[in-house]
Amino acid sequence: MADTTLPVIEGALLKVAHDKGFATARDRLEVMSPQCGFGELGTCCRICYMGPCRIDPFGNGPKTGVCGLTPDAMVARNLLRDTVGGTASHVGHARHVLLTLRDALNGKAPYQVKGVSKVMALAKTFGVPTEGREVNDICRDLVNIALEDFGRQDELPNNWVSKRAPAAEQALWSDLGLMYSNPHNEIETAMHATSMGNDADPVSLMLRVLKMSLIDGWTGLTLCVDLQDILFGVPEIAVTEAAVGVLEENSVNLAAHGHNPVLSEKILEWAEKLEGEALAAGAERINVVGVCCTGNELSMRHGVKLAAHNSQTELILATGAVDAMVVDIQCIWPQLAQVAKCFDTAFITTDAMVRIPDARHIPFEPHHADESARQIVQAAIDAFRRRRGKPVDIPQHKSTAVAGLSVEAIIDLLSKLDAEDPLKPVIDNVANGNIFGFVGVVGCSSIKFRDNAMTEEMVKHLLRQNVLVLTTGCTAHICAQDGLMTSEATYRYCGDGLKAVLVVLGKAAGLDGPLPPVWHMGACVDNSRIVDLMVALAERLGVKVGQLPAVGSAPELVQEKAVSIGGSFLALGVSCHIAPAPRILGGPMVTKLLTEDLQELTGAVVRVELEPKGAADWMVAHIAGKRAALGI
Amino acid sequence: MSRTIFTVVENCVACKSCEIACAVEHSQSKTLAGAILETPPPQRRINVEGVGAYSYPSRCQHCSDASCITACPTGAMQRDCGTDAVFSDSNKCIGCWMCVVVCPFGGVTADQSSKKALKCDRCPERTARGEAPACVAACPTGTLLYLTPEEFAAQRRQATARAAVCGEQPAQTNGMDILRSLKGAN
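Taken in sequence, the protein lines are chains F and P. With the working numbering, the residue at position 554 of the first sequence is 554, and numbering never jumps. With the working numbering, the residue at position 32 of the second sequence is 32, and numbering never jumps.
If you're looking for bench data, these hints aren't it; they were derived computationally from the structure. Careful, some of the hints might be misleading.
To be verified - Straight-line C-alpha distance at most 25 Å; calculated DSS-like pairs for lysine-lysine:
{"hint": "1", "chain 1": "F", "residue 1": "K124", "chain 2": "F", "residue 2": "K592"}
{"hint": "2", "chain 1": "F", "residue 1": "K544", "chain 2": "F", "residue 2": "K424"}
{"hint": "3", "chain 1": "F", "residue 1": "K163", "chain 2": "F", "residue 2": "K544"}
{"hint": "4", "chain 1": "P", "residue 1": "K92", "chain 2": "P", "residue 2": "K183"}
{"hint": "5", "chain 1": "F", "residue 1": "K499", "chain 2": "F", "residue 2": "K416"}
{"hint": "6", "chain 1": "F", "residue 1": "K63", "chain 2": "P", "residue 2": "K16"}
{"hint": "7", "chain 1": "F", "residue 1": "K613", "chain 2": "F", "residue 2": "K63"}
{"hint": "8", "chain 1": "P", "residue 1": "K183", "chain 2": "F", "residue 2": "K592"}
{"hint": "9", "chain 1": "P", "residue 1": "K30", "chain 2": "F", "residue 2": "K613"}
What the hints assert, rightly or not - Partial list, derived from the structure: chain F residues whose beta carbon lies under 10 Å from chain P:
{"hint": "10", "residue": "P34"}
{"hint": "11", "residue": "F38"}
{"hint": "12", "residue": "G39"}
{"hint": "13", "residue": "G59"}
{"hint": "14", "residue": "N60"}
{"hint": "15", "residue": "G61"}
{"hint": "16", "residue": "P62"}
{"hint": "17", "residue": "T64"}
{"hint": "18", "residue": "C67"}
{"hint": "19", "residue": "G68"}
{"hint": "20", "residue": "V135"}
{"hint": "21", "residue": "P588"}
{"hint": "22", "residue": "T591"}
{"hint": "23", "residue": "E611"}
{"hint": "24", "residue": "I632"}
Values in this document were obtained by computation on a predicted structure and should not be read as measured data. Glycine included, each C-beta is placed from N, C-alpha and C at the ideal position.
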């Protein structure tokens, strides 16, 4: 990578870590490099014990596995297992939220329904009667519809996909054999089909990849987010701050890391309740900060400040200022426990599935949520007591950021311009080119792409060309830290057309300046919000989602979840940019399928670009093609 | 002339099979399962270095005029009169690292636990049995070859002649070319 534009915040954090003698992920990557080409190409198979088998990409050595498996089938099988990993993560998260909601409604878990508007909207979608009924009763019906999805053994389509997804796309998915019933059965089938001696047809395997991705999109993401909104409320536009500078030397700094708001919402609640104890311990207050996606959840609903994205998690611990880091599920580096040990930081795991040596484990399950959350906040206060007066090293970088742009919040805002037809102002500005198109920038932050500030630079190239950026997950943190969620960013980076639109929207929102050009739509699970917005626009225009001037991008892919999310975009016909290359290049037919032939099936293609400008240029060109096809 | 180890750099995919096989060959048990349990752990004498999108298995070249032999003050560094391989006699090595300093390839490692020079010995036990050195045998892509210089040069001549007579070979779609073009040359 020729460019070296390491973001200032990362530079400052790395200095803190290195000054204190910590090796970081960058150092560990250097030791690991160069990384194995067979792994990168996807042509390493460890599924059975005649292996491990590797295909020689130069044709001198093995051309198939010991069982005769071809390179294309090998990469497709491996990709399907990646997708299962991603989908299982989201579906597991969704089921956990569903069971929490069920137990809350039965009085067995201390949570209340806060998103009444969401309950009513979903009741309409699912045909649940509302007239004269209590909100909780309506909710029980919705819970039963969701529970049915996890228990059915028939071939009927899953409720959430058949009621929530657009009809035209469902017809296509039916034709391709991609519609599903019970997500658990499909996860089982995919693991079965990829074990030794089953599916060896690369095309069949790639259709399974798309099907698994659909499950991720509609059960893993959409169902989960719908129910989270019911439990915790629909996000509204809120102003927050981002980057390590949100840590406060004289406060109890409690970092919530992971993905599941069932934990972090309770932490926030108990931090308020135990404020007095913190004051008694000599702290100014309890400063709950958000890390990774549970941080995004808290930020979207409560304006909680964002301290770090995933690849900064070990670095903020090295400031010595984090009193406790409490984690739930997904993207928790085992290394965190080792750094925490050096500072007497309470590093607390809570989920039975996430056990890390040297971490303190405080089991958290919804039935006893209050008691566990109280213990966790107490542990943070105790750690502050031990830290008080010791030197800390907090780089003073932070940026303002507007968050909370749920689809509902966006529609509310647009209603101020056109109450009858809220999407009309957007449609008009897309038609006249002020908004050239949309890019959903999603996924992870990768140390492999921080040296060239991949996400920030790519986004700025897009904004200059009047492309509106919708973002979630760790790329949302990156954009927030870089000041891209501010009014100033609109003035500084946007082309004239996009700038003009955002000025009008900012005024309607009652902000001091224009609306920011990068819209924070939530955690990585909230990618369904981006899809919901696209579906609404497509329905308003009377076109399919894949016809919109819109592209997805995962510019710093790390997690398997980003693979399955990308697949769910592809199934919708939305093309995706991705970096680094997915592990398929050792299979020429699969590579061609994803980069070219998929166009014939769903209308989408995959493009790999490792440099920010190349990525932005391809997306703008792709959007231009979509615009031309629409005749605008 | 004796066989030695040649490297076809464009074939290396950095799988590091050579590193593992080298360490196992220089272990007590000579098996992977046994080697990982040994104390001190066996040390490899080949290192896969990364250069941009390419990688290179780096080791002793067993030079005909070996500066490490000249520089060694104790006679520890010497040439095997049977195989022509350059090796270090650990009984004579005093850990002065002159060999490390003079080697133009970085082919000698200063082992911190034994305080002795470590380097490729071209697997004398394997070659005595008529087998290729461990790294060559483990290489799955034909990056490492065990040939005499004449054999290697003859292979290259034949390939060049084929290209000249039959024209350019069609571009491969083996994935590594795509991966390397994505990553760039450096």
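Subject >> Hints breached by this structure >> reply: Numbers 1, 4, 7, 9, 17, 18, 19, 20, 24 - these are the hints that the structure violates, sorted from lowest upward.
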